[in-house]
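Visitor: Okay, here's what each chain looks like letter by letter:
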Amino acid sequence: CAKKPAPVPVTTDDQAAAQQAVQGVEEMGAGETGIGESMIGEESMDDSMSMPQTVASLERIYFNFDRYDLSPEAQAILINNAEYLKANPDQKVRIEGYCDERGSDEYNLALGERRALAAQKYLESLGVAGDRLSVISYGEEMPLDPAQNEDAYAMNRRAEFKSMP
Amino acid sequence: QVEIRAPGQQTIAVANTQLVPLSGTPLPAIAAELHDVMAADLELSGLFRQLDPAAFLDDARRPGLTSSRVDFNQWALLGAEILIKGGYQLQGERLLVDFRLYDVVHRRLLTGRRYAGLRRDVRTMAHKFADQVLKSVTGREGPFSSRIAYIDNRTGHKELYLMDTDGANALRLTDHRSIVLNPDFSPNGREVIYTSYRRGNPDLYRKQLSTGQEARLAFKKGLNIAARFRPDGREIALTQSATGNPELMLLGTDGSRRRRLTSHWGIDVDPSWSPAGDRLAFVSDRQGNPHIFVMDLLGGQTARLTANGKYNATPAWSPDGKRIAFTRLEKGVFDIYTVRPDGTDERRLTFGPGNKEHPRWSPDSRFLVYSSDQDGRKGIYIMRADGTGIRRISAGGGQCQHPAWSGQR
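Same order as they appear, the protein sequences are chains A and B. Per the numbering used here, the first sequence starts with residue 7, numbered consecutively. Per the numbering used here, the second sequence starts with residue 636, numbered consecutively.
Bound-form chain A, shown alone:
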């Protein structure tokens, strides 16, 4: 099986004197209670997450804070997206739901899924076959704009449409 990746020591920066460079090696037990040892397991590195590409003519849509309802603008974009999908019947699409970084990550994962599902249901109501559409939520991961201001937050509250091979 694959060579065991050596644990990567985490070097400290010049911050607190009490923190020091770390031995990434396997820790041994020590006397009294046998200090736990931990190391990195062997993993087979198959990357089954195929890298979808954003389809230019499938535009992303945006949402208000802590909301997953479709605004009139979002609906208009989805109507165009549905036209494109009906014109390309063999195109499969993954709808990715995102949030801005405020809020608990887990709540945002759930909210991101809600946003992706809202887009999916609307596309289906426009006649796009459901089996062509899949949904995933990334919550506040992978922001379009990592800045911490209202404009960036607005950019990140979105659903994207990625074509799947």
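One or more hints might be untrue.
Claimed, not checked - Which chain A residues face chain B? A few, computed with CB under 7 angstroms, are given here:
#1 S110
#2 E112
#3 Y113
#4 L115
#5 A116
#6 E119
#7 E147
Said to hold, decoys possible - Covered stretches of chain B, going by a simulated chain A footprint (3 or more residues, C-beta under 8 angstroms):
#8 807-819
#9 857-867
#10 942-953
#11 988-994
Unchecked claim - From the derived model, a few chain A residues whose C-beta atoms are all more than 12 angstroms from chain B:
#12 S63
#13 E65
#14 R66
#15 Y68
#16 Q81
#17 I83
#18 I85
#19 E89
#20 P95
#21 A135
#22 L150
#23 M161
Everything labelled a hint here was simulated from the structure, so no lab data went into it. Quantities reported herein were computed from a predicted structural model and do not represent experimental measurements. Glycine included, every Cβ here is placed at the ideal spot set by N, Cα and C.
Given chain A, put chain B in place with the hints provided.
Guide: Leaving out everything else, chain B in the frame of chain A:
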């Protein structure tokens, strides 16, 4: 045992001496590291006033492994109430450390420990004895020798890490090159569970700490997130959305489904168990905004916990059952609060710039660990349960978040 004092009340004067070599050549680095780790833990506890070592007299240079060999007068003269002494011995890589804790006022030994291990276990040995010092003084062991799991993206991907309670000995545990989120320790401390997108969907994974062996535990389509072990370690609560909506579910530790806990149109997420495992705090937007609710698993009723604020999240029930910590969005910033499980006596713990999120309790309920971006980059911070003693513990490098505290080790 010295009478109990709460942090902030009058502190106990402690003389924390450098341990002396029991045989062989002196090793100042070992003596200094043992001393400094102990001093930082005592400081964090808020229970002690540490005397200035410059004032120590010659008895500080003797190991004093038995009370008969300690010159208590010297220490009483300095106003010390308790005294930490001892010695060390290094044979090759084998390290032997003898700690003693004396009650200076009553001139007697409170506790002593001998640790045998390797040179690199020196910090853990000091943490372990600091736990014993707290036990002698308050009746309850400290958490300093436990570990903290967290997420760091220093490699360019969010991976799972482990570190000591003072941030040292950081070690990367996963190599998924995807997104790993929200770890939780099993009560016996041998295992960590966490969510990962490694296979293209947010699935729940488990990892044995001693072997590094990893497996998928729950991988229904959609969300398998925010998993928390029940305190008895026999079941896991998490949020899954395969039913079409994010609901709280109960799984066996083999991943088998035991029970569906919520059937509500709202988002139900972030479960946190009461110590007895009969109640569950969680976040739901069933009343519009995200608020924290408490569900009675036996009776089945669910009541809202947070009366104030418009966005409350990530509840964490203290192991002693007395408080529930959570984060609240107020004027665009997240701060950490605690409240009694009946919703009364709400207290705000953090102030100032930055979002403070994801609070988690230490196993002895004295401390909270959380993430904050107050210095521009998310880091892991620790503070006492009353909000004092804040210090950052994660090293620089990446954005660190989602801390989880292991049980007593």
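Visitor: Decide, hint by hint, whether the structure agrees.
Guide: Hints versus structure:
no., hint, result
1, S110, "holds (4 angstroms)"
2, E112, "holds (4 angstroms)"
3, Y113, "holds (5 angstroms)"
4, L115, "holds (5 angstroms)"
5, A116, "holds (4 angstroms)"
6, E119, "holds (6 angstroms)"
7, E147, "holds (5 angstroms)"
8, 807-819, "holds (count 10)"
9, 857-867, "holds (count 4)"
10, 942-953, "holds (count 3)"
11, 988-994, "holds (count 3)"
12, S63, "holds (24 angstroms)"
13, E65, "holds (24 angstroms)"
14, R66, "holds (20 angstroms)"
15, Y68, "holds (19 angstroms)"
16, Q81, "holds (22 angstroms)"
17, I83, "holds (24 angstroms)"
18, I85, "holds (24 angstroms)"
19, E89, "holds (27 angstroms)"
20, P95, "holds (24 angstroms)"
21, A135, "holds (18 angstroms)"
22, L150, "holds (16 angstroms)"
23, M161, "holds (17 angstroms)"
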